[in-house]
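Full structure from sequences and hints, please.
Per our numbering, the very first residue in the sequence shown carries number 1; after that it's consecutive.
Because the hints were derived from the structure by calculation, they are not lab data. One should not assume that every hint holds.
[Stated by the list, open to error] Think about it this way: if two alpha-carbon atoms lie no more than 27 angstroms apart in a straight line, the pair counts; the simulated DSSO-like pairs of lysine-lysine are:
1) K27 x K16
2) K302 x K236
3) K365 x K407
4) K373 x K386
5) K330 x K386
6) K330 x K274
7) K386 x K267
8) K460 x K122
9) K63 x K27
10) K294 x K415
11) K262 x K236
12) K262 x K302
13) K330 x K16
14) K164 x K197
15) K122 x K63
16) K16 x K164
17) K228 x K302
18) K36 x K439
19) K36 x K63
20) K439 x K459
21) K27 x K459
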Amino acid sequence: MNKFQYKMIMDDVINKIDNGELSPGDKLPSQREISKYYNVNRSTVVQAIDILKSYGILESIEKKGVYVSRYKWNVHITSNIQWQNYIENSMSKNNQYYIQRINELEFNPDIIRLGTGELSPKLIPNHLFKEIISNSIEDSIQTNYEEPKGKIELRLEIVEYMKKRGVTCDIDNICITSGAIQGLKLIADGLLIPQSKIIIETPSYINSIHTWHNIRSQITPLSINYIKRNINNIFKISSDYKNSIFYCIPTLHNPTQNTYTKEQKQKIINQCQKNGIPIVEDSVYSDLWFNTNKQMPMKSLKNSDNVLYLGSLSKTVSSGLRIGWIVANKNVIRHLSDLKMQNDYGASSISQHIAAKWLNTYHEKHIDELRLKLEIRKRIFIEALKEHLSMYGSWDDPRGSFYIWFKFSISINVKTLFNEAVKENILIQPGEIYDSNCKNYIRFSYSYIDERDINRSLKKLSGIINRIRN
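Below you can see the structure in the form of structure tokens.
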């Protein structure tokens, strides 16, 4: 018996209860039906059900079957505190079904990850981190808290990094964060209120996290196609944009890979300035442009004082380093860095030390080499897509970064595909994660999967699609 199979059933039952697919008092299918659904033997089903019963999540009614418990949901928590009431009333809600399942399954060593948005361990320069640490033995490494805006040496290196990308700033325009997600969280806490209108491109990565949804502000999605079609008149004259903010990934967008032209970026900046709307420019992928003609960030263009620039080493160097930064108006940076100290007293001083040395000596060469390696992976993935999935959908050729935005041309239930693929140890990222209307899309990624697994995994996925297609 695969030790993960019974846990998979348990997790799925709990997720279905959380999502409302199963309610207290609902009867579960028979053991035979559950066994067939999950493609496991009945002893695995019995083990999962017995454990869920011991937790009080399920209960048996003699001669009738197994039901979701009406009264004992938290009986395994031996306390008078009603934890579920706290959880349900929390401002921070659980991730959607797909995100929860993906977060759980990504740590299964047997799973093949066809959509993971991070670098493969093979692409992370751990040997160079060792070199930095080894060469730093004689240095006086600071391991106490750094100042609110972050380590001065690192901010000086980011000043130089930004200068190479056309952005003029100084150390007081920079706040170091624990990755770009903390930057988003700081902006939400420091600049947004419940009355704010958060304007976002859609589909969008921001829909896959709850960082900005928890403040109960109005989310106003604008499709990327709408923005490009109406590039001279994006915002409605009749709307009130007080306290609004516009979030975008203007270069190598996640998940679509869209990149606005320089002219389009400038028009977005100008219209936001006219309407008094700050722009959050998420630029974590912009270094990974394959073409030699590098794209200019919004923050480098004219009239861009309203742009808050998010940078990070997570997508280009190592997600575990947890180093990102915000470049913005000095008063904004002073405010956000104060909030950061209230939350966690800043990013790791050791990580900041490594990042400073990294940017000073290694980064540009690493980026050049990484782009070449990613482009090779992209070609392998595209060839496998053409061979195994071209009859089912279409995609645009990526111009950089990690992702392929695949659109089905056939009718298919992607949730069924997701669950059937998991049974065969394949993990996909449904487009619904990024926009509830994108139910006929998948986000593929070639950055994490081993090159040797690409062809056989897409071949297996093709077989699953053929089996379940409507």
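We went through each hint and held it up to the structure:
1. For the given pair, K27 sits about 13 angstroms from K16 by alpha-carbon distance, which is consistent with the 27 angstroms threshold.
2. Restraint check: the Cα-Cα separation between K302 and K236 comes to about 23 angstroms, which is no more than 27 angstroms; the hinted pair holds.
3. Proposed proximity of K365 and K407 is contradicted: the alpha carbons are some 35 angstroms apart, above 27 angstroms.
4. For a cut-off of 27 angstroms, the pair hint linking K373 to K386 stands: about 20 angstroms separates their Cα positions.
5. With a CA separation close to 49 angstroms, the supplied pair K330 and K386 exceeds the 27 angstroms bound.
6. Between K330 and K274, the direct Cα distance comes to roughly 21 angstroms. Compliance with the 27 angstroms bound is thereby established for this hinted pair.
7. The straight-line distance between the Cα atoms of K386 and K267 is roughly 37 angstroms, outside the 27 angstroms bound, and the hint therefore fails.
8. Of the supplied pair hints, the one linking K460 and K122 holds, its CA atoms being roughly 24 angstroms apart against a limit of 27 angstroms.
9. Using a Cα cut-off of 27 angstroms, the hinted pair K63 and K27 holds, with the two alpha carbons roughly 12 angstroms apart.
10. Annotation: proposed proximity of K294 to K415 is violated, straight-line Cα distance about 38 angstroms (limit 27 angstroms).
11. Annotation: proposed proximity of K262 to K236 holds, straight-line Cα distance about 23 angstroms (limit 27 angstroms).
12. Using a Cα cut-off of 27 angstroms, the hinted pair K262 and K302 holds, with the two alpha carbons roughly 11 angstroms apart.
13. Restraint check: the Cα-Cα separation between K330 and K16 comes to about 47 angstroms, which exceeds 27 angstroms; the hinted pair is violated.
14. For a cut-off of 27 angstroms, the pair hint linking K164 to K197 is broken: about 33 angstroms separates their Cα positions.
15. The suggested pairing of K122 with K63 is violated, with an alpha-carbon distance near 55 angstroms, which exceeds 27 angstroms.
16. Restraint check: the Cα-Cα separation between K16 and K164 comes to about 49 angstroms, which exceeds 27 angstroms; the hinted pair is violated.
17. With a CA separation close to 20 angstroms, the supplied pair K228 and K302 stays within the 27 angstroms bound.
18. For the given pair, K36 sits about 26 angstroms from K439 by alpha-carbon distance, which is consistent with the 27 angstroms threshold.
19. A distance of roughly 22 angstroms separates the Cα atoms of K36 and K63; the hinted pair therefore holds under the 27 angstroms criterion.
20. For the proposed pair K439 and K459, the alpha carbon gap of about 22 angstroms is at most 27 angstroms, so the pair holds.
21. Note on K27 and K459: the hinted pairing is violated, with a Cα-Cα distance of about 37 angstroms set against a maximum of 27 angstroms.
Checked against the numbered hints above, the structure breaks hints 3, 5, 7, 10, 13, 14, 15, 16, 21 and satisfies the rest.
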